[in-house]
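K.L.:
Chains as they are written, first to last, in this note's numbering: chain A, 1 to 1106; chain V, 10001 to 10488.
One should not assume that every hint holds.
Now the stretches of chain V that chain A is said to cover, found in silico as 3 or more residues with beta-carbon under 8 Å [said to hold, decoys possible]: (1) 10143–10152; (2) 10164–10175; (3) 10266–10277; (4) 10339–10347; (5) 10432–10441.
Partial chain V-side listing against chain A, Cβ under 8 Å, derived [unchecked claim]: (6) L10008; (7) G10009; (8) D10018; (9) A10021; (10) A10160; (11) P10161; (12) E10445; (13) S10449; (14) A10451; (15) Y10454.
Calculated cross-link-like contacts (lysine to any residue; reagent style SDA-like; alpha-carbon spacing at most 25 Å) [claimed, not checked]: (16) A:K696 <-> A:G710; (17) A:K216 <-> V:P10396; (18) A:K196 <-> V:E10445; (19) A:K33 <-> A:L231; (20) A:K211 <-> V:V10412; (21) A:K427 <-> V:P10479; (22) V:K10447 <-> A:E120; (23) A:K992 <-> V:A10019; (24) A:K507 <-> A:V489; (25) A:K1012 <-> A:R975; (26) A:K1101 <-> V:P10479; (27) A:K316 <-> A:R330; (28) A:K1101 <-> V:A10019; (29) V:K10476 <-> A:R237; (30) A:K196 <-> V:V10412; (31) A:K427 <-> V:R10020; (32) V:K10447 <-> A:T212; (33) V:K10012 <-> A:P1100; (34) A:K196 <-> V:P10479; (35) A:K1012 <-> V:E10027; (36) V:K10012 <-> A:S1097.
Hint data in this document are derived by calculation from the structure and do not stem from the laboratory. For every residue, glycine included, the Cβ atom is placed at its ideal position computed from N, Cα and C.
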Amino acid sequence: MNSIPTYAEFGIQSNFSFLRGASKPEDLVLAAKLMDYTAIGLADRNSVAGVVRAWKQAEESEIAYHPGCRLVFADDTPDILAYPQDRQGWAHLCRMLTQANMREEAQKGAPVLYRQDLFEWGENISLAILPPLDQPAQDVLALLRQIKKPFDKATWVAVAPEYRGDDRWRLAQAAAIADAARLPLMATNDILYHTKDRRALQDVLTAIRLKTTVAKAGLELEINAERHMKLPEEMLRLFRDYPYALAETQRFAETLSFSLRELEHNYPDEVSESGLSAQDELERLTWEGARIRFPGGVAPEHEALIRKELGLVERKNYARYFLTVHDIMRFARTKDILCQGRGSAANSLVCYCLGITDVGPDIMDHLLERFISEERDEPPDIDVDFEHERRKEVIAYIYQKYSEKHTALAASVVSYRGRSAMREVAKAMGLSEDVMKALSGSIWGWSSAEVGEQETNAAGLKQSDPSTHHMVTRANEIMGFPRHLSQHVGGFVITKDRLDEIVPIVKTAMDERKMIEWDKDDLDNVGLLKVDVLALGMLSCLRRCFDLLEAHYGEHDAYDRPYTLATLPEEEKPVYDMISRADTIGVFQVESRAQMSMLPRLQPKKFYDLVIEVAIVRPGPIQGDMVHPYLRRREGKEAVKYHSEVMRSILKRTLGVPLFQEQAMKIAIEAGGFKPYEADQLRRAMATFKRTGVVKDYRDKMVRGMVNKGYPEEFAKRCFKQIEGFGEYGFPESHAASFALLVYASAWFKAYYPDIFCTALLNSQPMGFYAPAQLVRDAQEHGVEVLEPDVNLSVWDSVLEASPFNPARVAQQHCEMRFTIRSSHAVRLGFRQVKGLSEQDMEQLVANRRDGYTSIRDLWLRSGLPKSILIRLAEADAFRSMGLDRRAALWAVQALDEASASERLPLLDKPEIGLFAVEPEVQLPVMRPSEHVVNDYRSLTLSLKAHPVSFLRDQLKRSDVVANGSLKDLRNGQRISVAGLVLIRQRPGTSKGIIFMTLEDETGIANIVVWKQVFQRFRPEVLGSRFVRITGRLQVASGVTHVIAERIENLSGWLNLLTREGGTSFGEHKSETKKRKDDHHGLIQPAATSALTNVSSVMPKGRNFH
Amino acid sequence: MNEAAEALGLRKGLGIADARAMHPDLEILEADPVADGRMLCRLADWCDHFTPLVALDGADGLMLDISGCAHLFGGEDSLLREVMRRLGMQGFDARASLASTPGMAWAAARFGDRPSVNVVPGEEEDALSPMPLAALRIEPEIQRKLESVGLRRIGALLGAPRGPLARRFGGLLITRLDQALGILEEVISPRLPVPPLSVERRLGEPISLLQDIEQMLLLLARTLKQDLERRGEGVRQLTLSLFRVDGAVTRITVSTSQALREPQAIASLFREKFTVLENSLDPGHGFELVRLAAISTAPFLDRQEGLTDDRSSAEEEQFSLMVDRLRARLGDHAVLAPAPAQSHVPERQAEFITFSDWMAQASSSGVQKLAADSRGTASASALKQDAVPFATPARPLRLLVKPELIEAAAEVPEGPPFSFRWRKAIYRVARAEGPERIAPEWWLETKASLARDYFRVEDTEGRRFWVFREGIYDGKSMPRWFLHGLFP
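Only chain A is shown next, with the shape it has when bound in the complex (with noise of 0.2 Å):
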């Protein structure tokens, strides 16, 4: 035996084997790989899911690959390894695997096969079946003669040592059972983890699974640890008796051919009207396009890269793609539903033309990496925003265009991350529900990063500890591990082929949705199409702006079309002014608190700007630290060079800087030596890689290509970290391009027609950064009028009144727009904003109006709407058109008597004579004006009256809080209190656990910083508050106001203040405190006060962020 013994392994489930497989399917490819395996296959358990990934890592590191499923039955079926042989034998798999995904009794992930599947599908596939050795011996060969009766010399028996003591007793059973059967007998592992080590993974997956705790799993846990991967001589040694068993391992291999590329570009053909090939309907579609582009012809440099770009398609084959996607949005177009196209691809000329993307050819011509790259051979990839309220219109379209048969959602790879990696595996160790909640409460947000000393620290423990470290050891290791596949939010995979020949299909949580087992990066890897369907709020906001410009304004372009995205006029400057002093709630991507102190620093004033503001402010240029050398340059504090020359062609119109994912790439393949497919997989690699150290052999490869072509180590290393921070949130120059044109369009929008900007808003709630309430005071600091919503003016919808546009409304800190804004109508408030309404109980009341309701009855007995629909209404204030207020329309309400049918008889409708007329009056206390104001919170969330801290202002005065408005009038430095409406909280995951609130009182807003330390101290406050006061010191710094918090205290008891009978005198409400206090010998006194008055639960609470 001195020969190393060939030896391929099939019996291999990955962590794709939820919660059984114990590594990586790449990691059990490596590992295959260097143990000098002559092939390798991937079986998990009745699926195949990670079959895509251990394929590209078997290309890369070449070694033989085949693709194959555990199929592990419901009945008495023994497990069998499938393997297919050709092309034909991988749709049976698909077919047996979709029809056992879609069984009735299949619950989500766990399908339900059963051997008639086998047998309906098994053909060209090749079988190793692991025959139950515990069973009567007549069985399991009755059995296998049943299986290899149809697949005859497609089938094999396999066996793995167990090392549970009777290991050769099993060999020989199934060597003879095998021969009894006529089957030839195959060895295999049984492989679980790729190295032994990973037992206790295993372990604590098991416990996982059964939802216990390691210690009581007890006998469910493997024996011991040999189901790793083995060298050929250690298996050779253990079948020394049956060497054939390993040499049929090389036969089973030999009869397999099929490879997942056989699976490429498997677009589907779209139907032309012309007849004509798919490339030469793409190139009439685009001329034709061009045509309506460019009214004013086509100029040659577009005309030729338009042949360009149409060449290049041409030859990667990539016409149905363009004409699948053209057709998708096609429909939505006709459909009224406005859309837009972005990523690489979508950014060409040719998708301009076919109306893909509006991003014109002017803008277009600075962008970097325009087009698919040919070298690179990726897909090319477009994904799709549409209005987020119609998505499901294009959804239902291409499901009854491409029929079941041909589409469903990708997958999307939910695994294990920082919290959910800890929690679980505390819990299967068995730590207290004390630990696991100190360690999770440790972990903030979503990161995937490493547990490590110091978050066991935070929550008290010592890594010193057996359990503890344990515990952590075993959380890292299952970090990035899938947890379960989950539907992608919009991703479609297309094909032309049967879909379930191609891929399994798996039920969804959502009946009619069904999704394949692969996700996006497989999708990609394999080939086949895929196109986003997405849905965006801000599409929907804009298609109302539209619409109401149209509608109020008639405002046309150049060639009296109504405005599109596309032909807004361009570069506007007061558009662009606007924008450079942050003057942006509502606008679209910019309106973040971090991106509004970003942009007074940046001062866009051209489109490619807002590219760049958009792509600034996010984690990927944060943490590779390129946000601070690029705003240092463009204010000119600092020299721009490059580098090389290299760089500048690179980085030139970012100030040599990277600032997009496109640059980054481009930097790993100019000046790092990568090959352009290792720098996608170096990208992709990023987001799951972590912590296997793979990422320090491409952070080393990468620096050290630099540093050898003369780049400083020191800005090598901020690429690579840059490239990192993509990994994770990559956002590619080509995305940050499309959505400028969104910042553009509603930036347009809000500078010219404030009015127009706010009803939209509403109109598509929820979306975007900020409530209504603060939509409301915008536009209304903007001078534009809003009026309440009533039962006799107002519709579902909120809708424009004509009403003069007055200049002197305009707030001092917007002076700068009073001659800027367009407006001509005041915004009246929906039924939409009331809570408590619904859209077809509105258009009953609006339907049934003619020319107004008179009085309550009248209201009531004609709109036929039920006693609890008046109710709302009266809460909402909205009967004042008739001249009653809120309490007094509810006392008129609650007097209907539904029960009584004869009030609804046609002789009594005579509103007048009711039977208020003999009632005897009731003396109701009068609402006061700071009831009013929570009540409408209440009802609308908002108040048009005044803002609640008004109220407070007295008392606030009494404790030295300065008002909001008056900050910018303060020295920096100074210390003062603020105090105000929790808006937003915000810790941004690159922050180092800063917390960044925003404050509103009556007169604007205060923009409060708390570190850390001071986090630590006022947590409960910080979090809990809804109306709060901060003490701290004003910092001022490039005209952006910042109150550094020191001292937090929660006030939202104040606020029960506003509904007080008697007023809102702070002294009396302390004396009775005490008084009851004192009465009570510390006796919680029971909480008298109903969710009415309690009117802290009526404030905002605040929202967070991360």
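Start from chain A and add chain V according to the hints.
P.N.:
Quick look at chain V alone, frame taken from chain A:
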């Protein structure tokens, strides 16, 4: 929520996640309304002291009809004081009120300005006026409606015309008002006694001697037996309540492992308890009421005795009675039984559990097996796991207390020994089976230990041993060999 949580500013209705975000070290306990209810019932029992008419009032209140009882305690005020004092001694933070109508008392107890209030007849309106609407026992929905039109205190309703109120807020509102004011009569429905299987004897002449008590017990047990026979049941748990003349109650509970109804057997169980309690059982001036109640019962399998000589079942009964007596005297943890444990490691494959757990396991083992089945997926591999008894090779019934080090010569790298020396004697191995590799339970260990390879070996003279090697010959280390057990 306790006072500390309230002091932190936490409120009912707050999400746990939010609360925990604010206070990461928050301790969260599931509300246990059932336990709360039990507690309230116990309190209600205790209130028997004051009046026989005790009613449960919602989830957190008790209503006592003290008509004609107050004088026994020196008048209303002193009765109220006494109730509060004794509740306070028991550690309850209670609020109480005494009034001439249930509605008024309800309101004053919950919304009065002091923890204990006696509302004198005629002062109802004054007492009610400043109280919030919730004091009227009306639905939150109606309360909300009233508040929404600015009517927040009962006082605001008292003066208002009734018609418009009834029209808008329903008749119940008026009813509640009238009930509180005493315009409308309201009766308290006392808590229904739980129908327990219980027998009692009131004694004109209090008893205090242990032997009298035992006598009484036997008497009661006989009566109980008849009741049990009628129901075809036996008892699993019994409580003997001894009511002292001065109102103190002593309760003694015993439990049995089999359904029981034999008076002698019952008495003998209590005798064990009495022996333990002897010193602490203080009869004072004697017990005036003795009650024997079956807390839990189970079907009793009638057996015909004497016809067949079914000794084993009789023995079993004897045995369980003995165990019951041991437990009654020494506590549940005094009697242990070995049971298989879920571990691959031989020395951890058995453990001792309390007899009652053992009984429970024995009676439900069939059920347990089913449960284990449903846990795994319905797949072939689950079936295989069920077949473990077959797959586990025979092991010695008893193991050596500690594995004993042996010297062995063996096949490299992981074969069985050819021969070994144990306790100075040398054994030549004729046959061997293995290895069965058992990996250590890593989660219990501080530093990694080695897997064991177990072999069943037979020497040339037919003696059979269970030996293992710690680790394998990997060229670096020299594994040690141990003997862990002998086969018969």
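K.L.:
Look at each hint and say if it fits the structure.
P.N.:
Structure-based check of all given hints:
no.	hint	result
1	10143–10152	holds (count 9)
2	10164–10175	holds (count 5)
3	10266–10277	violated (count 0)
4	10339–10347	holds (count 4)
5	10432–10441	holds (count 8)
6	L10008	6 Å, holds
7	G10009	6 Å, holds
8	D10018	7 Å, holds
9	A10021	5 Å, holds
10	A10160	5 Å, holds
11	P10161	4 Å, holds
12	E10445	7 Å, holds
13	S10449	12 Å, violated
14	A10451	6 Å, holds
15	Y10454	6 Å, holds
16	A:K696 <-> A:G710	21 Å, holds
17	A:K216 <-> V:P10396	24 Å, holds
18	A:K196 <-> V:E10445	17 Å, holds
19	A:K33 <-> A:L231	11 Å, holds
20	A:K211 <-> V:V10412	40 Å, violated
21	A:K427 <-> V:P10479	35 Å, violated
22	V:K10447 <-> A:E120	52 Å, violated
23	A:K992 <-> V:A10019	23 Å, holds
24	A:K507 <-> A:V489	15 Å, holds
25	A:K1012 <-> A:R975	19 Å, holds
26	A:K1101 <-> V:P10479	65 Å, violated
27	A:K316 <-> A:R330	24 Å, holds
28	A:K1101 <-> V:A10019	13 Å, holds
29	V:K10476 <-> A:R237	20 Å, holds
30	A:K196 <-> V:V10412	20 Å, holds
31	A:K427 <-> V:R10020	18 Å, holds
32	V:K10447 <-> A:T212	24 Å, holds
33	V:K10012 <-> A:P1100	17 Å, holds
34	A:K196 <-> V:P10479	19 Å, holds
35	A:K1012 <-> V:E10027	24 Å, holds
36	V:K10012 <-> A:S1097	11 Å, holds
Taken one by one, the earlier hints fail for this structure at numbers 3, 13, 20, 21, 22 and 26, listed in ascending order.
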